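Novice: The listed protein sequences derive, respectively, from chains F and P. Heads up, the first sequence is in this note's numbering, so the first residue is 175 and it goes up one at a time. Heads up, the second sequence is in this note's numbering, so the first residue is -15 and it goes up one at a time.
Derived from the structure by calculation, the hints contain no laboratory data. All values reported here derive from a predicted model rather than from experimental measurement. Hints may be right or wrong, so weigh each one.
Here are some chain P residues pointing at chain F (derived, C-beta under 10 Å) [unchecked claim]:
| id | residue |
| --- | --- |
| 1 | THR(-14) |
| 2 | ARG(-12) |
| 3 | ASP(-4) |
| 4 | ALA(-1) |
| 5 | PRO3 |
| 6 | LEU9 |
| 7 | LEU12 |
Covered, in the sense of this in silico footprint (three residues per stretch, anywhere, with C-beta under 8 Å from a C-beta of chain P), are these stretches of chain F [stated by the list, open to error]:
| id | region |
| --- | --- |
| 8 | 214 to 221 |
| 9 | 246 to 259 |
| 10 | 289 to 303 |
We treat Cβ as the ideally placed atom computed from N, Cα and C, and that holds for glycine.
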Amino acid sequence: MQHVLDATPLSTTIAGREKDFEDLILPLAQRGYRLACAMLHDPQAAQDAVQEASLTAWRKLPGVRDRGRVRPWFLGIVVNECRNSRRLKWVSGVDVGIPDALSVVSGEDRILRGADLRRAVNQLGKQDRLVVILFFYIDLPLEEVAAVTGSSVGAARARLYRAVKRLRPDLEIQEALR
Amino acid sequence: MTLRADITSAYDEIAPPAPELQGQLRMLIAAEANATSQSRPRRRPWMVGLRGTMALVAALLVVLIVATLFVGGRVWHDWSIFNNSRPVPGGQVHLTLAQLEARPLQMPLVPPDTTCPAVHTFSASEADSLPEPIHSLTYAGYVFSSAGPAHASVIPGGGGDLSTWGQYANIAWVIEPQVTGLVLIRGRDAANHDLPLVYVGQYSAGAVIGTDSGVHGGPPAVQRSEVVLDASHHPATSAKGNWGVYNVRVGLPNGMSPCHVFQVDGDGFSEVFFTHPG
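Same shape as in the complex, but just chain F (with noise of 0.2 Å):
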């Protein structure tokens, strides 16, 4: 998909920058609460962290060159508030309450129940993690899961593609990918 630049500048006063914020960051709000979620599995801390994202979202808006890589600055900056949350609680993961053993066991065509299958996509390494939420759950396109990421789109691939065969090592990829 080729994206095309809008540099329709934005603005530097305090009115014309609310209105912006009004267009442009509030409609991702619960895109941005979902993926706090589900990267610190809870739901109080999931909203902090956005409100903390869309002051910083807030103060850095007439900096923003492109309005069509608002979606991906704006996810970024709550990777990044979700990343600074977890540190500040001292630890590298969160209990999601998921227990050791899986009580149902893979096959061919079994699902996964939702908190096993979360607990293996926490499985995953950090970055390959960041990259399935932002595919299947947020629901962005490879190009916006690059920019989120801070890396290219083949590297976003690449990722996505080895996270998948993780998960479902019996599925196709293009099937998996759907």
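Using the hints provided, position chain P relative to the given structure of chain F.
Specialist: For chain P alone, coordinates are given in the frame of chain F:
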């Protein structure tokens, strides 16, 4: 179900709806906007127009400061060189002279019936190889020859004057070129240190011992106790070796023995030697 649907379902379980989130964000941003507008007033249009000018003025100020530091540094440097190259100030001269005068006299006392210990006369060929920084001269029959005849010290009897008090003669003091600064010369009768040689006219210095108005054919002579020479500025130099030559008029009171002793003090040296008029 697809993997996408499974993952969406799995994470929706831990992401309860938050319908109030957007309202909270609106309020948060409104408060932030309010705080921003209160704490940072808008730039007025005239200030925006002046921005370029102010930047230019600031740049010029920086250039001016740098130039001032550079020029000031040069001026200060030149001033320091000028100060360091100035002649020794008067206060310093007095201090140096006082330090020389404070040196104790180390002139030996020679009994009247003994031989004057070390009276030298030098040939012209010897003069250039003398080791001491100060070399004497002669009077009343003694000739100290420097490198050339034109720079020989006083010819015996030359310039001598008699008075009822004693006699006067010219002594040429020859100073080697490496000596700089003040040179203090004090003289005594070697057999009787209570009888000082006195000096009159140019280079005489120190305490006034007396005034001799009995000099034949001359004005009254103010007699002083010592001679001070400035070896940094020779009034004349020898033709060979660039030695400084100072003609000093010395007075010898009646009754003085023929053996005289001098102590010469200068920067880094002190020298005592005898002369004997013969």
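Novice: Can the region 289 to 303 of chain F be counted as covered by chain P under the rule of three residues or more with Cβ-Cβ separation shorter than 8 Å?
Specialist: Satisfied; 4 residues make the cut.
Novice: Have a go at the P/LEU9 hint: is there a Cβ in chain F nearer than 10 Å to its own Cβ?
Specialist: This hint holds: P/LEU9 lies near chain F, its Cβ roughly 5 Å from the closest one there, short of 10 Å.
Novice: Per the CB criterion, is P/THR(-14) less than 10 Å away from chain F?
Specialist: Interface hint status for P/THR(-14): holds (5 Å vs cutoff 10 Å).
Novice: Under the criterion of a CB-CB separation shorter than 10 Å, is P/ARG(-12) in contact with chain F as hinted?
Specialist: Hint on P/ARG(-12): holds, closest Cβ of chain F at ~5 Å, below 10 Å.
Novice: Quick check on P/ALA(-1) please, does its C-beta sit within 10 Å of some C-beta on chain F?
Specialist: holds (4 Å)
Novice: Would you say the region 214 to 221 of chain F counts as covered by chain P, given the rule of at least 3 residues with C-beta under 8 Å?
Specialist: Three-residue rule met by the region 214 to 221 of chain F, so holds; n is 4.
Novice: Within the assertion that chain P covers the region 246 to 259 of chain F, do at least three residues meet a Cβ-to-Cβ distance smaller than 8 Å?
Specialist: violated (count 0)
Novice: With 10 Å as the cut and Cβ atoms as the points, is P/ASP(-4) at the interface with chain F?
Specialist: Constraint on P/ASP(-4) satisfied, holds at 8 Å.
Novice: Classify the hint on P/LEU12 as holds or violated, based on whether any CB of chain F lies nearer than 10 Å to its CB.
Specialist: At 6 Å from the nearest chain F Cβ, P/LEU12 passes the 10 Å test, so the hint holds.
Novice: Grab the minimum C-beta distance from P/PRO3 to chain F and call the hint holds if it beats 10 Å, violated otherwise.
Specialist: holds (9 Å)
Checked against the numbered hints listed earlier, the structure breaks hint 9 alone; every other hint is satisfied.
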